[in-house]
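Peer 1: The primary structure of each chain is shown beneath.
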Amino acid sequence: MLKSRSVRFLSYAILIALAVTMIVPLWSVVATAFSSKFASLQPGIKLWPETFSIEGFETLFRRLNFVLPFANTLYVTVVGTALHVLLSAMGGYVLIQQDLPGRRIIAGIILLTLTIPTQVILVPLFVVFKQFMLLNTLLSLIVSEMVSAFSILLMKTYFEQVPKSMIESARMDGAGHFKLLRDFYLPLALPGVLTVTAFQIVHKYNLFIEPLLFINDPQKITLQIALQSVILGESATSTNDFIAPNVTMAAIVLALVPLLVFYPFMQKYLIRGLTVGGVKE
Amino acid sequence: MLDRVRRHWMLYLLIAPILAYFFAFLFYPMGQGIFLSFQKAGLLGPVGFVGFDNYAKVFSTPAVWQAIWNTLIIAAGITIVGTLVPILPAIALLQITPDWLKRGFQTAIYTPYLLSWVIIVGIWLNTLSPLGLVNTLLLAFGIIDQPINFFADPAWARPMVIGLTVWKDVGFHALIYLAALLSLSPDILEAADIDGANDFKKIRDILLPHLMPMIRVVFLITLLGSLRTFDSAFLMLNGRTADQIRTLAIFTYERGILNFDLGLASAAGVVLLIVSLLISGVAQIFTRTRPET
Numbered sequence: 004m005l006k007s008r009s010v011r012f013l014s015y016a017i018l019i020a021l022a023v024t025m026i027v028p029l030w031s032v033v034a035t036a037f038s039s040k041f042a043s044l045q046p047g048i049k050l051w052p053e054t055f056s057i058e059g060f061e062t063l064f065r066r067l068n069f070v071l072p073f074a075n076t077l078y079v080t081v082v083g084t085a086l087h088v089l090l091s092a093m094g095g096y097v098l099i100q101q102d103l104p105g106r107r108i109i110a111g112i113i114l115l116t117l118t119i120p121t122q123v124i125l126v127p128l129f130v131v132f133k134q135f136m137l138l139n140t141l142l143s144l145i146v147s148e149m150v151s152a153f154s155i156l157l158m159k160t161y162f163e164q165v166p167k168s169m170i171e172s173a174r175m176d177g178a179g180h181f182k183l184l185r186d187f188y189l190p191l192a193l194p195g196v197l198t199v200t201a202f203q204i205v206h207k208y209n210l211f212i213e214p215l216l217f218i219n220d221p222q223k224i225t226l227q228i229a230l231q232s233v234i235l236g237e238s239a240t241s242t243n244d245f246i247a248p249n250v251t252m253a254a255i256v257l258a259l260v261p262l263l264v265f266y267p268f269m270q271k272y273l274i275r276g277l278t279v280g281g282v283k284e
Numbered sequence: 002m003l004d005r006v007r008r009h010w011m012l013y014l015l016i017a018p019i020l021a022y023f024f025a026f027l028f029y030p031m032g033q034g035i036f037l038s039f040q041k042a043g044l045l046g047p048v049g050f051v052g053f054d055n056y057a058k059v060f061s062t063p064a065v066w067q068a069i070w071n072t073l074i075i076a077a078g079i080t081i082v083g084t085l086v087p088i089l090p091a092i093a094l095l096q097i098t099p100d101w102l103k104r105g106f107q108t109a110i111y112t113p114y115l116l117s118w119v120i121i122v123g124i125w126l127n128t129l130s131p132l133g134l135v136n137t138l139l140l141a142f143g144i145i146d147q148p149i150n151f152f153a154d155p156a157w158a159r160p161m162v163i164g165l166t167v168w169k170d171v172g173f174h175a176l177i178y179l180a181a182l183l184s185l186s187p188d189i190l191e192a193a194d195i196d197g198a199n200d201f202k203k204i205r206d207i208l209l210p211h212l213m214p215m216i217r218v219v220f221l222i223t224l225l226g227s228l229r230t231f232d233s234a235f236l237m238l239n240g241r242t243a244d245q246i247r248t249l250a251i252f253t254y255e256r257g258i259l260n261f262d263l264g265l266a267s268a269a270g271v272v273l274l275i276v277s278l279l280i281s282g283v284a285q286i287f288t289r290t291r292p293e294t
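So the sequences go chain by chain: B and E.
Each residue of the first sequence is one higher than the last, beginning at 4 in our numbering.
Each residue of the second sequence is one higher than the last, beginning at 2 in our numbering.
Since the hints were made in silico from the structure, they are not lab data.
Hints are not guaranteed to be accurate.
Derived lysine-lysine pairs resembling BS3-like cross-links, with alpha carbons at most 27 Å apart [unchecked claim]: (1) K103/E / K41/E; (2) K271/B / K41/E; (3) K41/E / K133/B; (4) K167/B / K182/B; (5) K202/E / K271/B; (6) K133/B / K58/E.
These figures come from a predicted structure and were not determined experimentally.
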């Protein structure tokens, strides 16, 4: 697009510099995670494990029971995402019905929810979840953001692109709402459905404020909270034993694995979704 | 009309659980928050109406003013830097020709956006620790004599929250800008070539004006998001940095959940909501009217 050499050179310089701030710290985390406890405590630049060891991972599983938070997070992510996608698709489907009386009011209510962010109602949310007896349950994490205006509007945008003639002829053949949604809208708007799914998986996996607020039962601990206590050294494994960097970095590596597995499949949708959302304003 | 309503009963049935959810888990808590802010908090719950007492207490508590100030400074930093900086990588990505390299750069700078704040703070605690990579390099080049304790130095507290937030979102915002730049017709740039415009002129007179609507959108979403700063500052909060980065959202959490002062915390939450609605309202008017002039 631009011609001059200096601009081209500058472009590479900017992108390489940015990419380095991403790759080097991450690589250093991996190198530390596979170091022995002693090596991980040494000062300096660690880009390769000095003494290769997996004792960090062993400590994590043997002493800190790191399996439980993974299982809890997996449960919340799978069930929570499935419900979120289903409800958002239902919402999007209703909003594209042009001749539905009260459609504008419904759309207005949905848009209004955008003005109430979770961070502003932390205290009343706690009170309300207590009233509903959801405190200390994994259900509370599934319920938080079970549906959102953002996802409903994204679904609506994709559903609107499904050709009307196709829907009309299906309706002539006697297809009801469920059949239209299941056999036409969902498959034809699959990129939209996958975009909502991908973002929700990331969201549920990264959930932090909600478990912080609603859960203090150690049996219901989720990944990010377990990770926080390991990283910030708040979990007392035993009094005479402190958590060395190799253990905390091993925890980060483990938490990154599911994302790295899932990323290549979903990257396309994660990027497409944000541009659709952005362009729509 | 009534007939149409009856014909569509199935659609109302589909939307009912969604509306019920929003009422039960968003509007009702919001209402509870406003209700609690006018109540005296007892040990087992609200015990009576106290008018604006909680609000009077909110505005006479120095910690609240500090929290409001922290929130505004952090939000201003994140919004200004986080809106402008991503323009550079977006324009840079346009110049990268082999497609695989372009995709590689995109992935590398976008990935932090998907990571949780716990992981981000963990990664940088390692890299920026007094014994870590950055301090070792700075010492080796003689830029500093003493290692900087980035996470426990009050002077670094706000720049760290702002910097890491901008770093986390830079790829996300750059890709939004890139999508807008790709919608620019190549003919325009070719025409500029024929007119003998240099690259600087092309960026200033074609690319940036074309990006302007999207810069406004990113400005607004960043502003709204940054006023609610919680996770990032909460995870970087410690005894030495607390007074610099305790945001209003963190204040409501500490007072309401940890100290169980529901009335005061709810009132502070309402103040946060009103402040963010006001600022975003003003920002919206400000960014809407400018293009016409």
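Peer 1: Work down the list of hints and note, for each, if the structure agrees.
Peer 2: Verification of the supplied hints:
Of the pairs offered as hints, the one joining K103/E and K41/E is violated, with about 58 Å between alpha carbons and a cut-off of 27 Å exceeded. Restraint check for K271/B and K41/E: the C-alpha separation of about 52 Å exceeds 27 Å, so the hint is violated. Proximity of K41/E to K133/B is assessed by CA-CA distance (about 19 Å); at most 27 Å being required, the pair is judged to hold. Only pairs whose Cα atoms come within 27 Å are accepted, and K167/B paired with K182/B is accepted, the gap being roughly 15 Å.
Restraint check for K202/E and K271/B: not satisfied, since their Cα atoms lie roughly 33 Å apart, outside the 27 Å limit. With a C-alpha separation of about 26 Å, the suggested pairing of K133/B with K58/E holds against the 27 Å cut-off.
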